[in-house]
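Chains as they are written, first to last, in this note's numbering: chain B, 1 to 83; chain R, 1 to 83; chain Y, 1 to 756; chain G, 1 to 227.
What the hints contain is simulated information worked out from the structure, not anything from laboratory work.
Any given hint might turn out to be false.
Stated by the list, open to error - Derived lysine-lysine pairs resembling DSS-like cross-links, with alpha carbons at most 25 angstroms apart:
(1) Y:431 <-> R:3
(2) R:23 <-> B:65
(3) R:11 <-> B:11
(4) B:23 <-> R:65
(5) R:65 <-> G:22
The structure presented is a predicted model; accordingly, all values stated were derived computationally and were not measured.
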Amino acid sequence: MFKATIFVTLKDSVLDPQGVAVKGSLHSLGFVQVQDVRIGKRLEVLLDSESREQAEEQVQAMCEKLLANPVIENFAYEVEEVA
Amino acid sequence: MFKATIFVTLKDSVLDPQGVAVKGSLHSLGFVQVQDVRIGKRLEVLLDSESREQAEEQVQAMCEKLLANPVIENFAYEVEEVA
Amino acid sequence: MQLKQLVKSLPHEPTPEKIRDQALYKELGLREEEYGHIVRHLGRLPNWTEVGIYSVMWSEHCSYKHSKALLRKFPTQGPRVLQGPGEGAGVIDIGDHLAVVFKIESHNHPSAIEPFQGAATGVGGIIRDVFSMGARPVALLNSLRFGELTSPRVRYLFEHVVAGIAHYGNCIGIPTVGGEVVFDPAYDGNPLVNAMCVGILEHDKLQKGIAKGVGNPVIYVGASTGRDGIHGATFASEELNEASEEKRPAVQVGDPFMEKLLLEACMEMVDQGLLLGIQDMGAAGLTCSSAEMAAKGEHGMELNLDLVPQREKGMTPYEIMLSESQERMLLVVEKGMEEKVKAICDKWGLQSAVIGHVTGDQRYRLYFQGELVADIPVKTLVDDAPCYAPEQKVPDYYRENETICPVEQVKDVDPQEALLQVVSSVNMASKRWVYQQYDHMIRTSTAVRPGSDAAVIVIRGTDKALAMSTDGNGRYVYLDPEQGGRIAVAEAARNVVCAGAEPLGLTDCLNFGNPEKPEVYWQFAQAIEGMSAACRELETPVVGGNVSLYNETKGQAIYPTPIVGMVGLIEKREHITTQAFKAPGDVILLLGETDAELGGSELQYLVTGKISGRPPRLDLEKERNVQQTVLRAIRSGWVRSAHDLAEGGLALALAESCIDGKLGAHVSLETDLAPVVHLFSESQSRILLTVSKENVDHVRTLAEENGVACTVLGEVTDHPELTIQVNGQVVIHQPIAKLTQRWEEAIPCAMSPSSI
Amino acid sequence: MRFAVTVFPGSNCDIDAIHAIKDVLGESVTAVWHKESDLSKYDAIILPGGFSYGDYLRTGALAAHSPVMEGVREAAEKGKLVIGICNGFQILLETGLLPGAMRKNDHLQFRCSIPTLRVENNETPFTLQYREGELIQIPIAHMEGNYYCDEVTLAELKRNKQIIFRYAGENPNGSIDDIAGICNRNRNVLGMMPHPERAVCDWMGSSDGMKLFTSMLQYWKENYGAA
Ligand SMILES: Nc1ncnc2c1ncn2[C@@H]1O[C@H](COP(=O)(O)OP(=O)(O)O)[C@@H](O)[C@H]1O
Ligand SMILES: [Mg+2]
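Chain B with its partners taken away, still in its complex shape (with noise of 0.2 angstroms):
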């Protein structure tokens, strides 16, 4: 069994309203000093895979065709081997 964990992020120069509005709050809650948020996702996917290479393909064609929008984000992976 793998593990991947998959993170999704907005590229940089994609507008973050959610990120901009945390900060907002955060700010008002008295931490002044945070400079910028943005959010993304983190995703744990539990593979039957054979063997981690095809695990890793998989992950790398999930995260193409549905798990990140290409458009706007970009996405990034780590599998590991768990019992």
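Starting from the structure of chain B, add chains R, Y and G with the ligands where the hints point.
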């Protein structure tokens, strides 16, 4: 300047409707090896703190106060110094 | 600051000479002769910023260079029109010192690339157009076209476009009360996403997008400027191709929360009478809004770009001016009012900045880091844009269709089988899957929710209500653009009449292919002819609209698809009428005449897989008479339900009224046509009414006076069955439950093909 | 009776709540901006629906830290009536005035419709004019109404009869135990996903929401003397 990367994840006991739906979509795309999907958040917060300790303290406080909901979520973070 | 008067080029930008010598302007979509005009207007070579500004201002999207001449054919005046085309949205008087403000706009190209954000920002843009007139937005509608749901890409587009529309409208809190969705291979690869917004205005609050008063400050309000959507306007003026994905700059992301704040802040400024001019930054962003305000006000403008709030570092003047970042507004106020504006912005947590002032010399000057970076006679940007009248040619397919007889193609189909197919066609089926994702009840004014011919919104504080509908049938327009154009207007008017409203006027969105192709331009010109004729006959002026050309993929144009957004006034709430059958025993009447008209019909498409022949013909006088009859009957209190006959013909209209009313019907009719032809013909100018028994004669007499054919078809029953007899033979006999199930499940099933 | 309707940046059902109280119920109502923290003048507080702070991060999370929530907390402690509708319910959960949390609808779509609810407990200030078990139609409009709490909390909610409304037909969001609305132990704080303010005239599609407001009025008159 410090950059905190914060991960907010659903507690294991909480059913994740989004994860379930994504798993279903992955299956129908042919990724039948997928056993489980859990979806959380990844936040990047840029902080103008004096020291790493101060930055970590602040991040811990933000998570407790705002960024995670203790009823259903756990959080973890890493802080690194950036230029 | 000592401002230099020589127009500078920035070090890393191409020099004016290089722009000329290497014809770099072509990359921005300018033609050689257009570049020549620019040089003449300036009396020198333009720098990179100036070429960029001209290129967006003279793009199809902003300048209407291929459509301006034809749009003049639309009647735009009427006794109630307070503001016709030329401002953010049209304005029509509805009495009680109130007016209705509305406009439709396309976001086709952005939605093809990023459907969720593309559709969302389309909604955001049209809302800004309405509240920049000083009106409170009260309703949204949309008109959508996609390829067929058998394609995963189309399902993706459909799902995300609907979610994007829902996201924006729901979050900002304006009900999405109506619209239409059609699936046809003609839109594969080039979906259409047209969004309409309706607002209500108190007469004395009407705002304009003009700059006046030398020395008055120009104020920027709202989101920061980033590099998103640079050249969106130019992009919207080209055909889509594989390179589009690459060429596309950062996609614009909508922030409905920010727009809600902007809306409330602007409403407060309007209430306090602070504004001299206001215009949203939509297509071509800061450039278009500021240049248009200056040109309309017969003034000039000077902007200091260093003062423009920016989200990204190191933006150049070119980027700042051409950015299409969303949720921004440009204001001109009386000198001395800056603090009041700022106080309102601060209350709503919005950033605002004075970025320049109005000048008296009709020049458009931009400063950046102390240097003059553009100096343009402002009218040349707006009034002197090029204007083209391309060649027209009657397409071959139109001639070939002359000889095709659609009746022959379908006459052997069993009517019952046809009905089952039609109710479960995704084009005819219930659109609940779509509208249940839209908050259609917020603002608690929605008296008729999505699902009837037109939506109805009540106007608080009065007994009045507004009916609204968007309509357009690309198949008819393709087969005969002139007739199709008439039908689009007539059908939209008929829909609001069926709700009990008098049609007031319309806004239109003209979605066509590449106008530089003679066949496309012919379609365009013909459709406008037909629409104009219908507008004149039905007395529904065009008070605003939008043109979207170059809707093509891989060289193939979409069906020519003009969409009409019609608004009607209901004088008394008791006149509000819906299409659902109301009570057993009510008599079903058909107004209008049925001919064998199946070209472009849903039945033809289902049977043959394509459309051909000539579409239904529309007699404008008949149309007007039918509409007036129905409106008078409703106002006399005789009508229990009214439903216009459209795609799917009489059979589908009967089925829909049964399904909605959870009642049955027994219908019996005589005809010379084959039963299936009579039942599924899409002849125009027909309306189905139900009336209680004692009012049948009243309606028949009224119809006769108006020269409208009126046939008694049968009765509403409490048997949950639809029974249709033709010439004494039962040809359709179906349980309502079965029809309902097919009709409700068509789209959900098509959207989850694996779960069937 | 004096009602307050809180207004956060992004609230958008505030006008509907005000309309229901002022024009239909005929009582006094004031819109209170989120920066005010003194609500002592009011007898009842409505946290309206909408998308406070755009619903960013988590629904209700950013609004939960507004100054006005101090006033809401005080009012709740004093036994005044507090009702959170839709986004207002989400805010009450985030503030901890009600137990549990909200997740995205199980089908992941926004859902606007008029479902049927069952009144599970009519012995509260909000429901005393309904019959127990009465079926009523109240519109919903939300993306995150999938109520969650752990088993211990659920058992407690049941034991104390804190579940006030359940979906009687199809559950539109996947909420645990078909929950549509819950109250606190003292029965003076109610959170519900459906919008009673959208069901106060027949032409709106239902007027079943009206009894919720008239119940509040009756309770207040009986307990705090006629005004
Ligand atoms: N198809 C049309 N019919 C009538 N008027 C139109 C049409 N298309 C555009 N117009 C009008 O031309 C004016 C210029 O439009 P435009 O500058 O595109 O406005 P916007 O910036 O809102 O898109 C608008 O007032 C619009 O209503
Ligand atoms: Mg405009």
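Q. Is the Cα-Cα distance between residue 65 (chain R) and residue 22 (chain G) 25 angstroms or less?
A. violated (36 angstroms)
Q. Between residue 23 (chain B) and residue 65 (chain R), is the straight-line Cα distance small enough, at 25 angstroms or below?
A. Distance of about 14 angstroms is within 25 angstroms: holds.
Q) Between residue 431 (chain Y) and residue 3 (chain R), is the straight-line Cα distance small enough, at 25 angstroms or below? A) With Cα atoms ~47 angstroms apart, residue 431 (chain Y) and residue 3 (chain R) exceed 25 angstroms; violated.
Q | Restraint status (C-alpha distance of residue 23 (chain R) to residue 65 (chain B) at most 25 angstroms) | A | holds (13 angstroms)
(Q) Would the hint linking residue 11 (chain R) and residue 11 (chain B) be met if the CA-CA limit is 25 angstroms? (A) violated (28 angstroms)
Checked against the numbered hints given earlier, the structure breaks hints 1, 3, 5 and satisfies all the rest.
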